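S.K.: Model the full structure from these sequences, guided by the hints.
Protein chains in written order, with the working numbering: chain R, 1 to 113; chain Y, 114 to 226.
Calculated from the structure, these hints are not laboratory results.
Please read these numbers as outputs of a predicted model, since none were measured by experiment.
Heads up, the beta-carbon is just placed ideally off N, CA and C, and yes, glycines get one too.
Any given hint could be a false lead.
Just some of the chain Y residues that point at chain R, by a computed CB distance under 8 Å [stated by the list, open to error]:
{"#": "1", "residue": "LEU156"}
{"#": "2", "residue": "SER158"}
{"#": "3", "residue": "TYR161"}
{"#": "4", "residue": "LYS213"}
{"#": "5", "residue": "LEU214"}
{"#": "6", "residue": "ILE215"}
{"#": "7", "residue": "PHE216"}
{"#": "8", "residue": "ILE218"}
{"#": "9", "residue": "GLY219"}
Below, simulated DMTMM-like cross-link-like pairs (lysine to aspartate or glutamate); rule was C-alpha separation at most 25 Å, straight line [as the list claims (entries may be wrong)]:
{"#": "10", "chain 1": "R", "residue 1": "LYS65", "chain 2": "Y", "residue 2": "GLU114"}
{"#": "11", "chain 1": "Y", "residue 1": "LYS213", "chain 2": "R", "residue 2": "GLU56"}
{"#": "12", "chain 1": "Y", "residue 1": "LYS167", "chain 2": "Y", "residue 2": "ASP194"}
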Amino acid sequence: EAAVTQSPRNKVAVTGGKVTLSCNQTNNHNNMYWYRQDTGHGLRLIHYSYGAGSTEKGDIPDGYKASRPSQENFSLILELATPSQTSVYFCASGVDRGQNTLYFGAGTRLSVL
Amino acid sequence: EQQVQQSPASLVLQEAENAELQCSFSIFTNQVQWFYQRPGGRLVSLLYNPSGTKQSGRLTSTTVIKERRSSLHISSSQITDSGTYLCAMERSDYGSSGNKLIFGIGTLLSVKP
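M.R.: This is the structure in structure tokens:
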């Protein structure tokens with residue numbers, strides 16, 4: 001079973017502060033993704049990556065940066081956190097050929113006050 | 114615009130009843146997946162079904178790609194089936210390498226004893 005680990009699991013941040021959400025996968029998957037999940041919107045894609053050193057913008061990238069320093073790690077960075085970024089964030093990894101099943105982390109609940 | 118529409122939004126069943134969940138797409142796709150999410154939990158892949166009918170235990174998915182729709186049938190529901198069922202389609206964006214999974218908002222299923 002693919003393992004995707006997110007940290008922290010819960011985070012309270014202040015408006016204007018910097019927040020970094022981390023994701024680690026141990027399955028050598030090329031693709032990694034960051035989604036946020038909000039009531040009424042479902043999961044929305046923020047950033048994704050096809051391998052170390054690459055990041056791509058998803059559907060809602062504004063206010064977020066991403067970093068993929070290695071195959072295993074993918075971070076989501078909020079340089080200036082705002083209350084509208086309060087959400088549950090999910091990281092996922094997957095292979096890039098054939099059945100593109102995603103393996104999800106347990107999520108990070110972020111509150112920006 | 115919600116590119117993946119799911120219905121019903123919520124469903125309440127008595128234990129042992131069957132459920133039929135629907136998913137439709139605003140654009141063509143060649144990959145459809147169904148996921149399950151327990152309240153507050155991570156998403157778990159249930160079925161990958163790009164076309165035709167696929168079965169896994171009590172779950173049966175039927176996808177008609179040319180009609181841009183997919184369904185998930187849950188037979189003999191159990192209390193432990195309660196949670197949110199999400200449909201996802203793979204989308205290819207012009208100018209971008211690789212594909213991304215785009216999710217619906219989900220159907221919240223509650224199975225009562």
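S.K.: Can you list which hints this structure breaks, lowest number first?
M.R.: none
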